[in-house]
Amino acid sequence: WKHQFRPHKTAPEPFWIRPTESVRVPMMKIKKNFRYGMLEELDSAALKLSYKDSDLSMLILLPNKRDGLSELEEKLLNTNIPDLLSRMRKREVEVLLPAFKIEIDFDLTETLAKLGCGTMFTDRADFSNVIVEKSEPIKVSRIVHKVYIEVKEKGTEAAAATVYRFRSVGIENIKVPPPKFIADHPFYFALLDKHLNLVVFNGRLVNPRQ
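If you count the sequence shown from 1, position 80 lands on 80 in the UniProt record's numbering, and the numbers rise without skipping.
Keep in mind that the hints were calculated from the coordinates and are not lab data. Please read all numbers here as calculations on a predicted model, not as lab measurements. Positions of the beta carbon are idealized from the N, C-alpha and C atoms, including for glycine.
Cut-off 20 Å, straight-line C-alpha distance, at most; resulting in silico cross-link-like pairs (EDC-like, lysine to aspartate or glutamate):
id, residue 1, residue 2
1, Lys52, Asp193
2, Lys9, Glu150
3, Lys31, Glu13
4, Lys29, Glu94
5, Lys180, Glu40
6, Lys180, Asp43
7, Lys194, Asp53
8, Lys9, Glu92
9, Lys152, Glu13
10, Lys2, Glu150
11, Lys75, Glu41
12, Lys75, Asp43
13, Lys48, Glu73
14, Lys65, Asp43
15, Lys29, Asp184
16, Lys65, Asp184
17, Lys90, Asp55
18, Lys48, Asp184
19, Lys90, Glu40
20, Lys194, Asp55
21, Lys65, Glu94
22, Lys194, Asp83
23, Lys152, Asp184
24, Lys48, Glu94
25, Lys2, Glu94
26, Lys31, Asp184
27, Lys31, Glu94
28, Lys65, Glu21
29, Lys29, Glu150
30, Lys75, Glu40
31, Lys90, Asp193
32, Lys101, Asp184
33, Lys9, Asp184
34, Lys152, Asp55
35, Lys48, Asp193
Using C-beta positions, here's what the derived DEER-type ranges look like:
id, residue 1, residue 2, range
36, Arg89, Pro12, 28 to 38 Å
37, Leu196, Pro7, 24 to 34 Å
38, Glu21, Lys194, 32 to 42 Å
39, Glu94, Lys152, 10 to 20 Å
40, Lys194, Pro19, 27 to 37 Å
Work out the full structure, taking the sequences as your base and the hints as a guide.
Pasting the structure below:
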């Protein structure tokens, strides 16, 4: 992470897998400057976390309701992610996020075929530029992509957070409390290309202990 979650602040907290049922999970805590926004049309809060020395970042969409993930995912079908990101602003946010690990295998064969790469899966495939010797025609049978995502504390400490101050008649130097982003129930997440704001991978966290 660009901003480090300090391990000594991680502590067991409830994560609500259902509106009335919770499990205890390691909950990481940090208060730093992040891109953040409240999205009324999605009935959710949005947080963007950056990785150090990487073109990737993680977007987390947290429903306002404990059981709001399915409704959020339905709304996302008609949502433009770059437009969503443009409405998020950098500010100090108090974040509670469960440590979790997800490992998934998925087949890219059909997707690549639809993108115009279908020839590699047929007898017309030509790999003469990458294979020096071959005794019989070669083609690709399947392409399987393995995704391993582990969200934990490791990262690099960043500079001190900015203090936001406002002026009003007779009042000076009022520090507005930062919003809290408490991811203690199922949420949507996506890995984004930071330059293109394109989704590289997305998923849902329903139970950090599974």
